[in-house]
Amino acid sequence: MSILLDKDFTFIVQGITGREAVNLTRECLDYGSNVVGGVTPGRKGREVHGVPVFDTVEQAVENHGSPVDGSVVTVPPAFTKDAVFEALEAGMKLIVIVTERIPRGDVAEMVELADSKGARIIGPNCLGLIVPEVCKMGGIGGPAKDAAKAYAPGSVGVMSRSGGMTTEISSSLTAAGLGVSTAISIGGDAIIGSTYAELMPFFEADEQTKAIVIYTEPGGRMEAQLSEWVSENDSRLPIVAFMAGKFMDDEEMKGMSFGHAGTIVEGAEDTATQKIARLEAAGIAVVERIDEIPAAVAERIGG
Amino acid sequence: MRFYEFESRKIVELAGIPVTEYGFCKTADEAKAAAERIGGPVVVKSQVLTGGRMKAGGVKFADSPEEAAALAEEILQLEINGHIPRGVLVDPKAQVKQEYYAGVVWDGTAKRPLMLFSDMGGIDIEEVAEKHPDHVGRGHVSNLLPISDYEAKKVIAATGVTGSQLNRATPVLARLARLFRDNDMTLAEINPLAELEDGSFVALDAHMEMEDEAKGRQKRLLEGELSIEPEDTREPYEPSEFERSVKAIDSADHRGVIQGKDHGFEGNLGLVIGAGGGSLTLTDAVRSQGGKPANYSEIGGNPSVAKACGLAKEVLGKEGVEKIAVMMSIVSNTRVDIVARGVIKACLELDKDPAETIAIFRIPGAWEEEGFKILDKYGVEYCDRSVSMWEAAGRAVAKIQGAEA
Numbered sequence: 001m002s003i004l005l006d007k008d009f010t011f012i013v014q015g016i017t018g019r020e021a022v023n024l025t026r027e028c029l030d031y032g033s034n035v036v037g038g039v040t041p042g043r044k045g046r047e048v049h050g051v052p053v054f055d056t057v058e059q060a061v062e063n064h065g066s067p068v069d070g071s072v073v074t075v076p077p078a079f080t081k082d083a084v085f086e087a088l089e090a091g092m093k094l095i096v097i098v099t100e101r102i103p104r105g106d107v108a109e110m111v112e113l114a115d116s117k118g119a120r121i122i123g124p125n126c127l128g129l130i131v132p133e134v135c136k137m138g139g140i141g142g143p144a145k146d147a148a149k150a151y152a153p154g155s156v157g158v159m160s161r162s163g164g165m166t167t168e169i170s171s172s173l174t175a176a177g178l179g180v181s182t183a184i185s186i187g188g189d190a191i192i193g194s195t196y197a198e199l200m201p202f203f204e205a206d207e208q209t210k211a212i213v214i215y216t217e218p219g220g221r222m223e224a225q226l227s228e229w230v231s232e233n234d235s236r237l238p239i240v241a242f243m244a245g246k247f248m249d250d251e252e253m254k255g256m257s258f259g260h261a262g263t264i265v266e267g268a269e270d271t272a273t274q275k276i277a278r279l280e281a282a283g284i285a286v287v288e289r290i291d292e293i294p295a296a297v298a299e300r301i302g303g
Numbered sequence: 001m002r003f004y005e006f007e008s009r010k011i012v013e014l015a016g017i018p019v020t021e022y023g024f025c026k027t028a029d030e031a032k033a034a035a036e037r038i039g040g041p042v043v044v045k046s047q048v049l050t051g052g053r054m055k056a057g058g059v060k061f062a063d064s065p066e067e068a069a070a071l072a073e074e075i076l077q078l079e080i081n082g083h084i085p086r087g088v089l090v091d092p093k094a095q096v097k098q099e100y101y102a103g104v105v106w107d108g109t110a111k112r113p114l115m116l117f118s119d120m121g122g123i124d125i126e127e128v129a130e131k132h133p134d135h136v137g138r139g140h141v142s143n144l145l146p147i148s149d150y151e152a153k154k155v156i157a158a159t160g161v162t163g164s165q166l167n168r169a170t171p172v173l174a175r176l177a178r179l180f181r182d183n184d185m186t187l188a189e190i191n192p193l194a195e196l197e198d199g200s201f202v203a204l205d206a207h208m209e210m211e212d213e214a215k216g217r218q219k220r221l222l223e224g225e226l227s228i229e230p231e232d233t234r235e236p237y238e239p240s241e242f243e244r245s246v247k248a249i250d251s252a253d254h255r256g257v258i259q260g261k262d263h264g265f266e267g268n269l270g271l272v273i274g275a276g277g278g279s280l281t282l283t284d285a286v287r288s289q290g291g292k293p294a295n296y297s298e299i300g301g302n303p304s305v306a307k308a309c310g311l312a313k314e315v316l317g318k319e320g321v322e323k324i325a326v327m328m329s330i331v332s333n334t335r336v337d338i339v340a341r342g343v344i345k346a347c348l349e350l351d352k353d354p355a356e357t358i359a360i361f362r363i364p365g366a367w368e369e370e371g372f373k374i375l376d377k378y379g380v381e382y383c384d385r386s387v388s389m390w391e392a393a394g395r396a397v398a399k400i401q402g403a404e405a
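First to last, the sequence lines map onto chains A and B.
Per my numbering, residue 1 is the first one in the first sequence, and the count goes up by one each step.
Per my numbering, residue 1 is the first one in the second sequence, and the count goes up by one each step.
Honestly, the hints are just simulated from the structure, not real lab data.
You may find that some hints are simply not true.
Listed below are the simulated DSS-like cross-link pairs for lysine-lysine, each with C-alpha atoms no more than 27 Å apart in a straight line [claimed, not checked]:
| id | chain 1 | residue 1 | chain 2 | residue 2 |
| --- | --- | --- | --- | --- |
| 1 | A | Lys254 | B | Lys292 |
| 2 | B | Lys261 | B | Lys247 |
| 3 | A | Lys149 | B | Lys373 |
| 4 | B | Lys55 | B | Lys97 |
| 5 | A | Lys81 | B | Lys219 |
| 6 | B | Lys373 | B | Lys352 |
| 7 | A | Lys117 | A | Lys93 |
| 8 | A | Lys145 | B | Lys352 |
| 9 | B | Lys313 | B | Lys292 |
| 10 | B | Lys93 | B | Lys26 |
| 11 | A | Lys81 | A | Lys117 |
| 12 | B | Lys318 | B | Lys345 |
| 13 | B | Lys247 | B | Lys352 |
| 14 | B | Lys377 | B | Lys345 |
| 15 | B | Lys352 | B | Lys377 |
| 16 | A | Lys254 | B | Lys261 |
| 17 | B | Lys313 | B | Lys323 |
| 18 | A | Lys93 | A | Lys7 |
| 19 | A | Lys254 | B | Lys247 |
| 20 | A | Lys93 | A | Lys81 |
| 21 | A | Lys254 | B | Lys215 |
| 22 | B | Lys215 | A | Lys81 |
| 23 | B | Lys154 | B | Lys97 |
| 24 | A | Lys254 | B | Lys55 |
| 25 | B | Lys292 | B | Lys352 |
| 26 | B | Lys219 | B | Lys26 |
| 27 | B | Lys318 | A | Lys254 |
From the derived model, a few chain A residues whose C-beta atoms are all more than 12 Å from chain B [to be verified]:
| id | residue |
| --- | --- |
| 28 | Leu29 |
| 29 | Thr40 |
| 30 | His49 |
| 31 | Glu62 |
| 32 | Asp69 |
| 33 | Lys93 |
| 34 | Ala190 |
| 35 | Phe202 |
| 36 | Ala205 |
| 37 | Pro238 |
| 38 | Gln274 |
| 39 | Glu299 |
| 40 | Ile301 |
Just so you know, even glycine gets a beta-carbon here, dropped at the ideal spot from N, CA and C.
Start from the sequences and build out the full structure, keeping to the hints where you can.
As C-alpha cells, then:
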C-alpha cells in the first residue's frame, strides 16, 4: 500500500525539454514510473528518453488514449500558473510543482482551482514524492540507483519542507531497517498545495504506514495546523518531528529568510521555540538531533 | 519588500481610496511649500522603514509653514533605530471624528487573502483582536473570482458598524482587497482609516508590503508610479562585503546556486554547507555542540568547480576563520566530486593545506566515490551517509576546539 501513487499511476512532465526536466524524466523512467508524455509548447514531435513531446496537455492525453493521473510541472515561474491550469483543465488529479520563486498569489489561485476540481497539488518548490520500489514522481532521491539506496519499502510516512532532507531522513530510516511507506517533499514556500495536516488523512488510511516523520522549519502556521489536526482527530499514527533553523530565533536574524522562501520569522508565533512547544503540547515528539529520528520512531512503533 | 509611508499613500490613492492632500519632501524648503499648499496646521512625519517613530521624535505638529520647515530640518537629520530618513511626509492635521482599521493579509492555512476591519483604529490590530475580539471583522476572499463590495460590507457590518459609516467604509475595504491581490501584496493596511468631521473617510496612514518574487511583474507600479530603482532592494540590513562577493560569484556562472550570509555570525568555523534544509540543520548542529559558525551558506543545484572554489575562498577569507566544514545532506543533483575539487582548489590557491584547513567533508550522494578519491589524495577527513549530519558537525567542532587548545 502507499498514498497518492501506485504502480499503475500515469503522469506527464510539463516543460519536459528543459535540462533538469530531461534528467528528472530519465530518473523516473529508470525507477519504473509510467511517464506517458511530455509537453513543451512548440516542440511537438520530439522525444525525451523515448517519451513523446506535445504542444498541449490535451494532445498528450489524447495520445495516451485514456485519462492521465498527474503531471510534474517544471516550467519557469512566470508560466507555471498557466501550465497548472492547463493540467487541471485536462482532468489531472495530482500535480507536482517543482518550480520555485512563484509569487504566492499564483500558488493560491492554482490551489483554489485544484480544490474546485477535486485535484491535489504538491509543492511548489519541491522534489515530489516517492513510494519505494513502486513509483517516483519528481526528482526526489535523484537517479534510480541513488533513490534505491535511500528508500526501502517500510512503515514510515515522511513529509518534509526540504527536498534534500526528505532523502537524508528516509535514508536513515532505511538504514535502521524501518523503511518508508511514502515520502513527500511538500515544498518550502509560504503557501503550498498540501500541508502536513492536509496529507495526514491519506497516511491515516494507509495500512502500511505505522508512524510519521516530519521535517520542519521556522515560519508559517503549518505546524500549528498539524497540532490542531492531531488534537482534533484521534490519530493512530505517532508523529516524530525534527525542527531545523533554531538559530533563527536569535534577535539579529529577525526578518531574514534562510533556506526556503517560507522560512522567515515574521511574528512571535512562528519561531522554532514556539513551534516546538506547540507540537509537543499536541503529543508530537520533537527530537533535538537529526540522528535521533530512527530510534524515536522505533520506540513509538514498538510501544 | 517594504514600502515607505509616502509610497503606501500613493498606492492606496492609485487604488481609488481617498487620502488627504499630502507632500513628500526631501528638504525643509519643500516641507514649507507643502505646508503652504495644504494650509492650516500640519504634521511632519519621518519616512523610515522602522517602527517607533512617534517615540523617537520623528512625528511632530506644526501650526505654520515656517514651523513645518524647522521641524522638517530637524527630523531629516534624526536617525531612528539606525535608519536615516528618506524624507518627510507633510500631512494636514486632520479633524478626526473616529478612527477605524482596514487590512488585508494572507491566511496561509486557508490559502486565501483575509480581510480585516475594526472600529477601533489607530492601535495595533493584534491588540484589538486579543482584547476586543467582537470589534474585529474577518472574511476571506477568493483568489479567482472578482471581489464584490458586499464581501467587504459583511466584514464591516460584523463589527456593528452601520449607517452612512458602513456605506463609506465598504468601498475602501473592497478596494484594499483588490489592491492586495492585483499588486501581489503580502500586507496591506490602512491604520487609521479616519472618518473626518464632514463624514468623509480618508486613509491617514497606510502600510504595504509586496512579495519579492512578484517585483518583476509589478514594474509598472514600482518603477513607473513610485520611481523605485531596481537596485533599491530594501534588505533589512546593509549586505556585508562577504555577502556581496558571494552574490557576485553566484551571478557570474549560471550552473548551481550558492548563497552566503554572515550578518549576526562572528565565529571561527567557516561553513561551506547545503542545501536549504541541510544548511539550517547543520548550522544548528554546529552551534548546539559548542561551535561558532563564521557564516551561513547554501550550495544548491550543481555548481561548477569555480563556484564551489569561490564560495570556499570567500569563507576562508573572512577574518578569524581558521577551518572550514564542508557538509551537506545527501545530494542527488549536486556532484560530490565537483564540490571536493572546488574546496581543495580554494585551499591550494590560498596556500593552505587542505588536510589542515578542511575540518570535515561530509557530502554523501551523487559521484561520491570519485569525490572521496580526490579527498583521499589530499588527506582530507571525509565521511559518507553512515555518519549523521549531527556527528559530522560535532567532529568539525572538536577539531577546531582541539586546534584552539
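For the pair we were handed, B/Lys352 and B/Lys377, check the Cα-Cα distance against 27 Å.
-> This hinted pair holds, its Cα atoms lying about 15 Å apart.
Hey, B/Lys55 versus B/Lys97, does the alpha-carbon distance stay inside 27 Å?
-> holds (24 Å)
Given the hint that B/Lys318 pairs with A/Lys254, does the C-alpha gap stay at or below 27 Å?
-> Distance of about 23 Å is within 27 Å: holds.
Status of the stated non-contact between A/Thr40 and chain B (beta carbon gap over 12 Å) | holds (20 Å)
Within 27 Å, alpha carbon to alpha carbon, are A/Lys81 and B/Lys219?
-> Holds - the C-alpha atoms of B/Lys219 and A/Lys81 are around 19 Å apart, at most 27 Å.
With 12 Å as the threshold, tell me whether A/Phe202 passes as away from chain B on beta-carbon distances.
-> holds (18 Å)
Determine whether the non-interface label on A/Ala205 survives the test: each CB of chain B must be over 12 Å from its CB.
-> Nearest chain B Cβ is 22 Å from A/Ala205, so the label holds.
Within 27 Å, alpha carbon to alpha carbon, are A/Lys149 and B/Lys373?
-> Holds, at about 20 Å.
Within a Cα-Cα threshold of 27 Å, do A/Lys81 and A/Lys117 meet the stated pairing?
-> holds (15 Å)
Hint consistency between B/Lys215 and A/Lys81 [alpha-carbon to alpha-carbon, up to 27 Å] = holds (17 Å)
Does A/Lys117 pair with A/Lys93 here, judged by a C-alpha cut-off of 27 Å?
-> holds (8 Å)
Hint consistency between B/Lys313 and B/Lys323 [alpha-carbon to alpha-carbon, up to 27 Å] | holds (11 Å)
Violated hints, in rising order: 8 and 34; the structure is consistent with all others.
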